[in-house]
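Peer 1: The task is simple: from the sequences and hints, build the whole structure.
Protein sequences appear in the order of chains L and G.
Here the first sequence stands for residues 15 to 413, where the numbers follow this note's numbering.
Here the second sequence stands for residues 15 to 413, where the numbers follow this note's numbering.
You may find that some hints are simply not true.
Pairs count within a copy or across copies, as identical chains cannot be separated in the list.
As the list claims (entries may be wrong) - Calculated lysine-lysine pairs in the DSBU-like style (CA-CA distance at most 35 Å, straight line):
#1 Lys20 to Lys277
#2 Lys39 to Lys63
#3 Lys63 to Lys21
#4 Lys235 to Lys107
#5 Lys21 to Lys39
#6 Lys273 to Lys39
#7 Lys39 to Lys20
#8 Lys63 to Lys273
#9 Lys235 to Lys277
#10 Lys63 to Lys20
#11 Lys277 to Lys387
#12 Lys143 to Lys404
#13 Lys387 to Lys20
#14 Lys278 to Lys20
#15 Lys20 to Lys297
#16 Lys143 to Lys297
#17 Lys63 to Lys387
#18 Lys20 to Lys404
#19 Lys278 to Lys21
No wet-lab data here; the hints were simulated from the structure.
The chain contents come next:
2 protein chains.
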Amino acid sequence: MKDSQKKIAYMDHAAATPVKGPVLKAMLPYFDRDFANPSTVYDLGFQVKRVVEEQRAKVAELIGADPEEIIFTSSGAEANNLAIKGTIFSRFKKAKRIIVSAIEHHSVLNSARFFERLDYEVTFLPVDKYGLVDPERLKKTLDQDTALVSIMHGNNEVGTIEPIRELATVCREHGVPFHTDAVATIGSVEIDVHEMDVDLLSLSGPPLGAPKGIGALYFRKNTRLMPLIHGGIQERGRRGGTENVPGIVGLGKAAELAKSSMKKRAAHLTQLRDTLIANVLEKIPHAYLTGHRERRLPGHASFCIEAIEGEALIFMLSRNGIYVNTGSACASKALKTSPVLVALGIPAALAQGSVVFSLEETNTLDDIDHVMKHLPTVVERLRAMSPIWKNGAPVANMA
Amino acid sequence: MKDSQKKIAYMDHAAATPVKGPVLKAMLPYFDRDFANPSTVYDLGFQVKRVVEEQRAKVAELIGADPEEIIFTSSGAEANNLAIKGTIFSRFKKAKRIIVSAIEHHSVLNSARFFERLDYEVTFLPVDKYGLVDPERLKKTLDQDTALVSIMHGNNEVGTIEPIRELATVCREHGVPFHTDAVATIGSVEIDVHEMDVDLLSLSGPPLGAPKGIGALYFRKNTRLMPLIHGGIQERGRRGGTENVPGIVGLGKAAELAKSSMKKRAAHLTQLRDTLIANVLEKIPHAYLTGHRERRLPGHASFCIEAIEGEALIFMLSRNGIYVNTGSACASKALKTSPVLVALGIPAALAQGSVVFSLEETNTLDDIDHVMKHLPTVVERLRAMSPIWKNGAPVANMA
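Peer 2: Dropping the structure here:
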């Protein structure tokens, strides 16, 4: 994405990130050379099967799981759907309540809400102004009728990392299965499923530098799980359809790279993030950090900027080669106010000015300089056109 | 899969087939260059979105559909699950019967049977000795309580092509949604969804030379469909998860190639198939063709060979560089007798000797010579070890 004429600072890695060179290289033979179906009984298939199992072990190792606790899926969204629907359908109507946080990804929220039609009740746990779920609150909300609790590890819109271990412990004490969506944290935050004490954990390939179209679900041994995609014997009968071998190889290679580089990567991202946050808060008046200051994703900086419309900001930044987001790439474009920001108690008008930077190890301090060269000007220009901005301040302070 | 020392005749293309050169070439830029998320609002994402929509149009064109009637999935199995579960859940419990043929793919059979736990009744329509479903029989079986009928277009185990148009017409007259699994026929049999008059049709990438991990579902405009993978706005809200852009580009390119080469390809495959069938029936005593002689997949030849164990046959053929299958690659290895062959009325003992050749345009008459050079010897050797074979004939004729 470099071109000789224009400096590019791509900082929307939560939405998409390029496949890493060594990952793509590892995948290539499996498209047209080692193409056999791993379920076949002859040597060509058996060799591919062995490769698939090697990747399963690598993914398991990244999160401290056993290989047989990993199911490959086509995305983090599928993993979330499998975790929720697979758990609920495996003991259908034995307990009829699902608890999720108010700031879950759409794939979790909408999977849970799907069961409302089947006479389930979905409880949305509130978060505080930093986006944190309170374990005490969960404890009070849990009851005998709860079939599943799902609370994300990290939030891609405000960057906050939830106290998963504490939340999972509450569920363990009550014998209620606990799922966490780790798509935002995988590869940049240390994950150990035993340390966290979770029953189910979703992850996705792209945040690790693997391609779109691959993800995985960790499910603790003896967890009951109905397949989401019924089919043959693939994934030990838990997910039908021929294995996406090149994708699986990509995920395995990416997991291996993530394992070895995590500490260095997290340190680099944290430095960039803190520099960016300090700069934006210093140089843009009436800009506010969203999410928690410390308990946040290493490469994540998110703000609400007053008297700004997020999409207009993103559009103008992109014309200067700066690529960022205004919330989640998966959210409805029609949905003007982010439910996540609303859940944090941010006023609707201020929430319009949401801007999210998600960094990768390829980003540099130079990228941040580039942002700081353009962001103040762009904000000023947009505010000059805003009906709710006058004389360098909001008409009514909404923060 | 060529090597200089050993002649390879790979004839298990229904299980897996190499990605075509031009398909892989088309995909490559979307892994690391044009990697943006198509749901983003800036130029990089918008360009990718446009590419995704171009592929949707190509897939639609291959089957005579409109682009907005195509949902990209991760496999044919996912498309089958989406068709069945999406239809049933969209009007949950309004009608409580699902009709499928007795020879459907596991992803259809097991999706339907999943609803048995939810108080649905699944009716398995019998087939005749060729594997054909009788439209009159369907007519008699259909009732007011039928929510969906699913009958495959072509069967990968016995090669038979079903009279879809006639079956769909019966359903149309009764106002019951009709789904067909076209994974076995896509690219080698002409498909026009309007001509066939189906409401839902599943297809898969690999049979077209696209990679594993991509498929699609056609759903007729105004068909009610609950997502299988809930999530954001992707696929117009019908399938969550970031689009598998490289896979989608691969499927689009493969669909384009299939459209232009279908006639020539089908003619080539039919010639090979007929040569193979004639040779096997002539040179292997007590070998029987399974499925219909004429109404069958162009590249498909399947047999039951008496006093032979299919897996042993496949193993020994593979040692001579011949790769074939014994039924479906997705079926349980523990399942000794194929339910498809049983449904055709083939005795269990004879069904053990199932062998399936699935050819591609890369196969040649030379491959068939190679098969005929080894198959008779291998069969003879296996029979020599068989307790149910004596003096050149089965101990008791079971056919």
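Peer 1: Now, for every hint given, state plainly whether the structure supports it.
Peer 2: Each hint tested on the structure:
no.	hint	result
1	Lys20 to Lys277	within (32 Å within a copy, 48 Å between copies)
2	Lys39 to Lys63	both (19 Å within a copy, 25 Å between copies)
3	Lys63 to Lys21	between (44 Å within a copy, 23 Å between copies)
4	Lys235 to Lys107	both (22 Å within a copy, 33 Å between copies)
5	Lys21 to Lys39	both (27 Å within a copy, 28 Å between copies)
6	Lys273 to Lys39	both (18 Å within a copy, 31 Å between copies)
7	Lys39 to Lys20	both (28 Å within a copy, 27 Å between copies)
8	Lys63 to Lys273	both (23 Å within a copy, 32 Å between copies)
9	Lys235 to Lys277	within (29 Å within a copy, 51 Å between copies)
10	Lys63 to Lys20	between (45 Å within a copy, 23 Å between copies)
11	Lys277 to Lys387	within (30 Å within a copy, 59 Å between copies)
12	Lys143 to Lys404	within (28 Å within a copy, 82 Å between copies)
13	Lys387 to Lys20	within (14 Å within a copy, 63 Å between copies)
14	Lys278 to Lys20	within (29 Å within a copy, 48 Å between copies)
15	Lys20 to Lys297	within (24 Å within a copy, 70 Å between copies)
16	Lys143 to Lys297	within (23 Å within a copy, 79 Å between copies)
17	Lys63 to Lys387	between (51 Å within a copy, 29 Å between copies)
18	Lys20 to Lys404	within (33 Å within a copy, 80 Å between copies)
19	Lys278 to Lys21	within (26 Å within a copy, 49 Å between copies)
Every hint, counting from the list given before, is met by this structure.
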